[in-house]
Structure formats: C-alpha cells, structure tokens
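Protein chains: 2
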Amino acid sequence: MASIKDVAAKAGVSVATVSRVLNDHPSVSPAARTRVLAAVDVLGYRRNAVARSLRTDQTHTLGLVISDVLNPYFTELARSVEEEARALGYSVIFGNADERPELQDHHIRNLLDRRIDGLLVSPTDGGSPLMLDAARAGTPMVFVDRWIPGVDVPVVQADGRAAVRDLVAHLHGLGHRRLAIIAGPAATTTGRERVEAFRAAIAEYGLTLPDDYIGQGDFQAESGRRATERFLDLPEPPEVVFAADNLMALGALDAIRARGMRVPEDIALAAFDDIPWFVHTDPPITAVAQPTGELGRAAVRALVARIEGRTPKSVTLPARLVVRRSCGEPSPEPSPAPATEPSSARRSSPAQRSKP
Amino acid sequence: MASIKDVAAKAGVSVATVSRVLNDHPSVSPAARTRVLAAVDVLGYRRNAVARSLRTDQTHTLGLVISDVLNPYFTELARSVEEEARALGYSVIFGNADERPELQDHHIRNLLDRRIDGLLVSPTDGGSPLMLDAARAGTPMVFVDRWIPGVDVPVVQADGRAAVRDLVAHLHGLGHRRLAIIAGPAATTTGRERVEAFRAAIAEYGLTLPDDYIGQGDFQAESGRRATERFLDLPEPPEVVFAADNLMALGALDAIRARGMRVPEDIALAAFDDIPWFVHTDPPITAVAQPTGELGRAAVRALVARIEGRTPKSVTLPARLVVRRSCGEPSPEPSPAPATEPSSARRSSPAQRSKP
DNA sequence: CTGAAAGCGCTTACAG
DNA sequence: CTGAAAGCGCTTACAG
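So the sequences go chain by chain: Y and W. Take 1 as the starting number for the first sequence in the working numbering and just add one per residue. Take 1 as the starting number for the second sequence in the working numbering and just add one per residue.
Some hints could be false.
Stated by the list, open to error - Reference listing, derived: stretches of chain Y covered by chain W, where coverage requires no fewer than 3 residues with Cβ under 8 Å from a Cβ of chain W:
1. 42 to 55
2. 101 to 113
3. 267 to 281
As the list claims (entries may be wrong) - Quick partial rundown of chain Y residues pointing at chain W, CB under 8 Å, derived from the structure:
4. S29
5. V69
6. A78
7. S80
8. L88
9. I93
10. N96
11. Y205
12. L253
Stated by the list, open to error - Label-pair restraints from in silico Cβ distances:
13. Y:K313 - W:R259: 33 to 39 Å
14. Y:H106 - W:A31: 30 to 36 Å
15. W:R100 - Y:K313: 46 to 52 Å
16. Y:P210 - W:M1: 29 to 35 Å
17. Y:A31 - W:A51: 31 to 37 Å
18. Y:L88 - W:A51: 21 to 27 Å
19. W:H25 - Y:H106: 31 to 37 Å
20. Y:T311 - W:D24: 38 to 44 Å
21. Y:P276 - W:D233: 23 to 29 Å
22. Y:E222 - W:E196: 34 to 40 Å
23. Y:P210 - W:E102: 52 to 58 Å
24. W:K313 - Y:A2: 30 to 36 Å
25. W:A51 - Y:G138: 17 to 23 Å
Just so you know, the hints here were simulated from the structure itself, not pulled from any lab data. For glycine and all other residues, C-beta sits at the position ideal for the given N, C-alpha and C.
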C-alpha cells in the first residue's frame, strides 16, 4: 500500500506538503496541491488512519456497548447511533455484552485499548470497577437507556412513567384488577424503574402489586417464559402480564400458548418497548414505545459534545402508550360506526396514543 | 494515560524488556518480569493498540459490511460473526449499508483506511469498482450470504434450493396452483437465486411462474407491501405469496391486512428466512430457515484462514423448510388423534422439518 | 509557501 | 537475558 512518502516522491514535494494538502491546510500553493492530488490519484493512495490516530491522539471512533444486539430495541438504538455518528464524522465499534457483565468488561477494555474517543454504554449491571475507573479517569462517556447511579456521566434515556400510568389507566378501564409484571434485572436502572412506575400507577387506583405478581426476569425471552409459567401456576393468576421488555413479552406469549391459553381471552399481555412485529403478532400487542432513534441520536450528540470539551446535559425523552389488541380492547372490525375508515388503520398505527 | 516508557521507568528496565514481558517473549528473567508486571499494575497501564497496530501492521480487526442491520437475519449473522471473531482474538467493526451501494462504499473505504485485517461483505449490489479493486489488491475478503460472480473471493452461503423445492411440494400438496414470489433486487445473488429456485421447483409440477406473479422488491418491508398490493389488484390474484426475505413478508402481511383480507383463508404467505417472531405472528408463518449462526461462524473462520495465509474453500450449508400455519396447513388443535401431545408443541418448533 | 526534523507508542532485529 | 536504536506512517511547530 502506498504511503505518504510515495506520494511525496511522485509529486516532487516533501511529506509535510502532502500532509498539508490532505488536511486542507491553507498554506499550500495551488501548483503543489495539484501535483499532490494527481500523485494521490495515480497511486490510489489512502491515508493510514492508524498512523494518523497515533500522531493526533484521536481515532474518530466511538465505542458502543449494548446489552443485547438481538433485542430489536437495541438493534434500532445501535443503528441510529451509527447514523448520527457517521453524520458527525465518527465511526462506531459495537460491543455486545449479551447481558453478561464479564463480556461487558471485555468490550470496554478492548475499546479503551483501541483508544476510542468516547464511550456509549447501556450498562448490564451496577457498574464494574473497570467502568467506574474509566468514568473517573475522564474517558468521555455517556449512558444510554440504562445508567449507573452515583457516577458523574450524562444519561440519555426515556421516561416511561407517564406511559406506564396511561397503560394502567387503560387496563383498569378495561376492567382488569389483578396486574402482574415481569421485571428486568434489579441491577439495571430500567429493571427497577419500570417496576416502580407500574407499582406507583397501580397504587393510584387503590390496588397493590403483590410479590407473587412480580416475576424476576433478565430481559431475555426465556426468563419471560419462566416468569409467566409461575404466574399461571398461582392459585389466583393475574389477569394481565406486563413484560418489561419485548423479548420477555415474546417468552410470555410462548408460555401462554404452550398451555393452550389465548391472549387476551384467557390472559392479557402488554410490553415495554414497541417493535414492528408487535403489529403482526396474534394478537397485536399493546406496548409502551420509546423514541429509540431519537435516544440514539441524542446520545451521540451528547458524547461528541463531551469529546469536544463541552459539558452536555442529560436528556430524558417521554415514552408513549400504543394501544392494540392484547389487553382485551374491543375489536374494531364488527363495529358499524366508523364505516368510512379502512379496517386496520386505527388499531395498528404506531402513532396512536391513548388519552386516558 | 501511562505509556510503555512510564512502565519501564517505574520497573527500572528498558522499554524493550517491558515489551517482551507484554508479549510473553521467552527471554526475560523472572525478576524483570515480576518488576514489570508490578509496574503495570501500579500504573494501571494498558497497551496502546493503535501504536502496536502501526508497528506490526496488524489491527486484529475484521470489517463486516452488511446490507441492513434492522433485518433480524443480518442481526443474527452479525452477532455470530462477532462471537466467532472474539473467540479467535479479533474485534469486528460493523458497517450498515442499508441496501445503498454508496453507503456500502463509504464503509468499505472507512474500513480499509482503518487497516482492518480482513473484510466480510454481503454485497448490496453487483460490486462497485472500489470493492472489486480491494479484492484484486489482495485484501483478505470473504463474501457471506450474497456474493459477486467473477470475483475470486470465497463465499459462505446457504443453499435454499432443496428447501424451496420442499416448500413448493408442500404448497402443491395443499392444493395451491397460482404461486407468486416477491423477489429481492436482481443485483444481488440471493435476489436472483431465490426466484430461480422457486421457478425451477414450480416447473417440476408442470406449472409456470408468470411475470405478473414476480414482484420486484428490495428486501425491505415497504417493497413487500407494494408488490403484494399489485398482486391483489390482478384480475386473477395468486393463491400464495412467497416473500424472498422476512421483511418483505412483514410488508406483505401489512398489505393483506390493510385490505381486510386474512392469511391463509384469503391468501397464503410463506417467507425466506426464519425469525423468532414468525412463531407468534397471526398466523405463524411457514418459512425457509437458514443456518444463520453457522454461516457467520464459518465466514469468520474462512476469513481468518485467508488472513493467516491459507486458502479457504467456499462453504455452502443447506437451508430447511419450517412448516407452520400461513399456507392453509390443517389446524392441529381440533384434531382428536394425537391427544397425548401438548397443544402447541408440534406446529411451532423451529426444528421441525417437512419431509415431502 | 515549503521542508527538515521531532515525536506519537509501540516492536524487533542487532549487538553484547 | 538486556538495552540502544531504528522505524511503522503520519502531523506539526519551527525556521526559512
């Protein structure tokens, strides 16, 4: 591969001049610039980003450590992060922690060794010494979705409390009283917050959330299945299961089907996180939707601000309720009233918002 | 951040010795090793991978350029690629081409500039000059899933022909005669191959695939929707729509629902690529499943072999048919015969394989 | 406007 | 077993 030296030789100038041309430095004569550009072209020269990074101490690379790529929520988050990063001139290296703290540490270590300019993390746990050290050492860092209390790092997240309150109002309005939740790991903020939001909303109706109605999940499908089976084995099973993420909702659906039961006739189901497939499950699933793309973009903007020496604020964006058919909502089809409307437009639009 | 110099100073040795300890070079005295390790520990030293890469001309990084991360098939592929790469001591930088050739080129350029050791590509198109040049220039490279004819690069892919033949046999057995396909872009191998496999299988039954029954899609949901609408507008619409990937199947479902029609009563639907959600759509979708994880792992192994100077062979793994309920398959529930079996176990198992 | 030179943080023959 | 030194491919004051 041609190096800057080859270009300099071919253009008859010094490597310094070549470098200036490459970096759009103003003090280069038009003649020199032309010759350098011609040489670059002939040689098919491409600047070595590794050498440049070593010299400038900047890699123009962001690290993103997420908990589980296979979770469509995180896939979409990763996608928007990459898009915004690209728009700002950064590449991103992903690390998939697979909800395993050791793997998360592996990726953080790897990313740090590669001297990424900044780190975006959705922590799998309460924070390893490694991550805490990195934050303290001043590595530009931003938390997305999940965060670690007591660490001075900006957080970009969705606030699901209003939407969860909307959901509970919706469920209560449909006549449901026995509400259960499949929670995420207590070591994560989202694991705790969603349960608390649910409990608080339920309390507003004078209801309680008994311990039996709190299933302990880990944000993966299998744990949703197990928690649901336990609910169904209860002497008095819940009327509604609220899964704290989309994968656990998938597991819950599996478990319910495996018993030969039906949603929502035998038991209702709602989920935190909305994904395109929820429109097409049987039945379509009522869910709390996060502004995922906007979260990813805001996180990148905050991180780049930190890298550039500014001190970005945390960002909190509201989630919203999307009502579909999994909680016993009245079927829109046989309804004779709104005859002008195409049959499926109302119930499956992701833009729909409940107003309790 | 502490550098190797700091470690050397603290340990009272030369940087050469520190480097040897770090690289497990045999000729280091136990005493020196101990002092170096202690210094590393005290300083919290971490080797600068950028500097190391510049010196050794190896980044231990693989580039993976895929067509669309949001497609669950590619998400899973990416995940298995990262896992196998990690097992072999490599990191991977992802580039999402979003089915756009210019974006694909952007990523390839970026990856090449970063001096990745090897490139894994699932080409979005017939191959840009950039990609062709890279292949010719000897960049270690492997194609996964999609490939480019006439380029001397190993290919790791699934062969769907047998499974598509199984599918057509299945459809024919259910009484369907008017079969349509939503194809992927003709610029991709998978876009062409799946149509050809379908056409060939249909021919075995003395049937044909009229042009009207070939919808032109781009592997994205929206194109599946449009193609399906066109099918439904035909004077004689097809009895079955076979979508050449899972996202177009999603779009097809949307379009069918939007007309107030039902699957499979009004029209049957099958898809290439199987994903966990297909078990829970309404109805569960009959699909051709690729051995996705194994493809990703095999691709990484082939690429690393190439990087290490060996000359790996192409790998082709068989896909298989997974029968569910979207093609008018008889419902298993009311069947009195297999009373011993739990109600949903049979029809939704991803391991199930049709034997026509 | 231009070039010689130092230096980023490593690794690795070479000599001892 | 160990260290001095060269060099990977760049960038950037510094001097002219």
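Quick rundown of the hints versus the structure:
Restraint check on the stretch 42 to 55 of chain Y versus chain W: 9 residues with Cβ-Cβ distances below 8 Å, three needed, restraint holds. With a cut-off of 8 Å between beta carbons, the stretch 101 to 113 of chain Y has 5 residues touching chain W; three or more are needed, and the interface restraint holds. Counting residues of the stretch 267 to 281 of chain Y whose beta-carbon sits less than 8 Å from any beta-carbon of chain W gives 5, enough to reach three: the coverage restraint holds. Hint status for Y:S29 relative to chain W: violated, with the closest Cβ pair at about 27 Å, above 8 Å.
At about 5 Å, the closest approach between the beta carbon of Y:V69 and any beta carbon in chain W falls short of 8 Å, and the interface hint on this residue holds. Interface hint status for Y:A78: upheld, as the beta-carbon distance to the closest one in chain W is roughly 7 Å, under 8 Å. Contact between Y:S80 and chain W, as hinted, is not supported at the beta carbon level, the nearest pair being about 10 Å apart and thus beyond 8 Å. A distance limit of 8 Å between C-beta atoms decides the matter here; for Y:L88 the minimum to chain W is near 14 Å, and the interface restraint is violated.
The beta carbon of Y:I93 comes within 5 Å of a beta carbon in chain W, closer than 8 Å, and the hint placing it at the interface holds. Among the interface hints, the one on Y:N96 holds; its C-beta lies about 6 Å from the nearest C-beta in chain W, closer than the 8 Å criterion. Violation of the interface hint for Y:Y205 is found here, the shortest Cβ-Cβ separation to chain W being roughly 30 Å, above the 8 Å cut-off. Below 8 Å, beta-carbon pairs count as interface contacts, and Y:L253 has one with chain W at about 5 Å; its hint therefore holds.
In this structure, Y:K313 and W:R259 break the distance hint of 33 to 39 Å, their C-beta atoms being roughly 48 Å apart. For Y:H106 and W:A31, the hinted distance range of 30 to 36 Å is satisfied, since their beta carbons lie about 31 Å from each other. For W:R100 and Y:K313, the hinted distance range of 46 to 52 Å is not satisfied, since their beta carbons lie about 34 Å from each other. At about 52 Å, the beta-carbon gap between Y:P210 and W:M1 misses the expected band of 29 to 35 Å.
Remark: the range hint 31 to 37 Å for Y:A31 to W:A51 is upheld by a beta-carbon distance near 36 Å. The hinted range of 21 to 27 Å is satisfied by Y:L88 and W:A51, whose Cβ atoms lie roughly 26 Å apart. Checked against the hint of 31 to 37 Å, the pair W:H25 and Y:H106 fails, with Cβ atoms roughly 24 Å apart. Remark: the range hint 38 to 44 Å for Y:T311 to W:D24 is upheld by a beta-carbon distance near 42 Å.
Look at Y:P276 against W:D233: about 25 Å separates their beta carbons, and that is inside 23 to 29 Å. Checked against the hint of 34 to 40 Å, the pair Y:E222 and W:E196 passes, with Cβ atoms roughly 39 Å apart. Against the hinted window of 52 to 58 Å, the Cβ-Cβ separation of Y:P210 and W:E102 comes to about 56 Å, which satisfies the hint. Separation of W:K313 from Y:A2 is about 32 Å and conforms to the stated range, judged on CB atoms against 30 to 36 Å.
The hint said 17 to 23 Å for the Cβ distance between W:A51 and Y:G138, and at roughly 20 Å that hint holds.
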